[in-house]
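Here are the chains, one letter per residue:
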Amino acid sequence: MKKIITQGTITILLFLVTCFALSQIEWIAVFKVQQITDKTEQKLGDLFWEVFKKSEKEIKNIKVVNSVDTIVTHICKANKIDRNKFKIHILNKDEINAFALPNGYLIIYSGLILNSENQEELTGVICHEIAHIELNHVMKKLVKEIGLSVIISMTTGNSGAEVSKEAAKIISSSAFDRSIEKEADIKAVDYLTIAKVNSEQFANFLYKLSDKENEATKYLTWISSHPDSKERAEYIIEYSKGKLTDYKAILSSETWVKLKEELKL
Amino acid sequence: MIYIKQFSYEPGEHEAETASNSYLMSLIAIIVGLPLPIINLIATLIFYLSNRKSTYFVRWHCTQALLSQLSMLFINSYGFCWSVSIIFTEETITNNYIAYLIAAIIFNLTELIVTIYTAIKTRKGIHVEWWFYGPLTNIICKSKS
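One line per chain: the protein sequences are P and D, in this order.
Per my numbering: the first sequence = residues 781 to 1045.
Per my numbering: the second sequence = residues 48 to 192.
Looking at chain D on its own, in the form it has when it is part of the complex (with noise of 0.2 Å):
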């Protein structure tokens, strides 16, 4: 699921901090508390914009951040509003409901750890390449130099 590989350079200590704060905030909606499953997004979508202009590292770990976040964005809306209707409209619980949360569940939980780890490595300046995020990004986000 995840690769540690060697960069092209050596990040320095600031840069590593950066990029491992853009995992940080992926992680916000926890802290803030909230059931909206955008607020993830646009914490790290802010990130990635205030970090555009960065150096490569912070760069790239910013998008694969990004990227993350947008695919667990629409898992998270689904269940979202398939929620809010069963609350508000004539729709019930049912088992393919229940399923979905718990699929749902299980894919956050998993980026969750993925992201923590992903970020702890990235503050000591290892690169993490995540599968499938790792070499989408890697296409998205190139070196200037």
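Chain P on its own, in the form it takes in the complex (with noise of 0.2 Å):
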């Protein structure tokens, strides 16, 4: 009996031996796992930037354009965020959405700036995206939403451009997972104390946009994709008490004013 529970030990410590030794060797970049998940995603962003592209029309106001790159430059700097890996682009869309796609791309609806009272409001909200980019949300909830088996077909070129379509429609109209939205909402907060916004109006826009959540309208697409606006407000009020309240303004009250009235134009 002492010689099978010696054995047994020695053939299960072997394994365990094995195992620990194999896992100090550094798989990921042997295998390049890192570069075939980067190649993906860098295929994907583009391919449903493609479908965006052709199905709404692109502003490419220089004032609209430099506003919203000045707010995202200001967070990146101020949170030492690389700014190059952002791919911003802003559509000419009524809806109140705004998204990230894999890659980098961060897609926002003019819906949703002629509907933010103040710079505070938006910025809030490109945050909160940054923080879905940051935080590798986008690829995950593909990966959910869609299936791997999809994602595959889609980089490789075996589905039709409606499966792109598809996708994309998914990826900016639906929800992501309760817990992944309040980690990106704690983050956004981050982002924005540490550059000096105001965090609770971003909480005010979500306030706002729960007093609506009950109206059937098909122009509040973030709200329908970020559900519970109500509860996450709570608790972004709740995280961001007793941090800084030295406040400083990214663009101008005039730049401001200036990009709504270029937008209404």
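Cβ-to-Cβ under 10 Å is the rule here; a few derived chain D residues that face chain P:
{"hint": "1", "residue": "I122"}
{"hint": "2", "residue": "I134"}
{"hint": "3", "residue": "F135"}
{"hint": "4", "residue": "T136"}
{"hint": "5", "residue": "N142"}
{"hint": "6", "residue": "I145"}
{"hint": "7", "residue": "F154"}
{"hint": "8", "residue": "G181"}
If you are wondering where the hints come from, they were derived from the structure by calculation, not from laboratory data.
Ideal Cβ positions, reconstructed from N, Cα and C, are used throughout, including at glycine.
Could you fit the two chains together into a complex? Lean on the hints.
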């Protein structure tokens, strides 16, 4: 019996030691897992952006683009995030919506800017989307919502344009998990605080949306893709408590007004 | 790892063939080509149950094959669950995961080679006892006489 226990223990130990020894090797680098993942993300991002570019009109007005770019650059600089990895595109659409696509694409609808009462509200939503990109939520959501097989067929070019369109629709208008949303909200508050932007305005924006939550309107996509706005506003307020109060506006009030005017044209 | 020993009696031609088949049953998953780790075990278990009233030599080798499959089931099931969670949940591919898979493949390959070797030897009526599984089988499987 003693012999069996000894031999059994040695066998188990041998397996564990093999596992441990093998885990010391950087397999991720050996198999270029990261490179493959990055390439897939790049392809998917470009594919989705092509879909939106074809169906919506992009706003290329230099004043609008520069204003939004100033906000994003400020947030990135303050939080030491590489600005170059984000590709910001503003689309002319009445929907109150903004979303992140793979490979750092950040799409903002003009409806969101026009419905933001002040720049802090817009900055809050942008920070929330940046958080989704930084926390790698976009790819996770894609895998969960449309499945790995569809993603592989899309990146290898074996699927039709309809599949890409359908997937683009899902990524722009369906919700993340509640826990993932919370994670992005909290990260967004951190970004806002470091950038000296009032995060309470972001919470106010959510409160405002929650009032409209029952209104059946097609323009409120960001609400349908981000449910429980009221609850989210509450924990943002709670998390923001006691944080910095020395706020600084990113855009001058004239620039903000001009931005909205340009979009109304 | 494996020891050739003298069995308590000389097995007959038919006994040697049946005992050898018990090892071949454990290779069935490769033939079926299914990734499910439980297939091997089920095949070996069915063979074991249908031969439990057979001669001592046959029973002994059926038990050794079954025991070895049982421990591989744990290793493979864990790897299988891990892979499934990577595909369907938020889990990502890590160094530890790849290391576990390679370790599992090494152990599976070793088991495969030993299984084929034992099947060949047993077919010739030679009694082969494995490290750990042999002594364990000796405790579980007793001669009726």
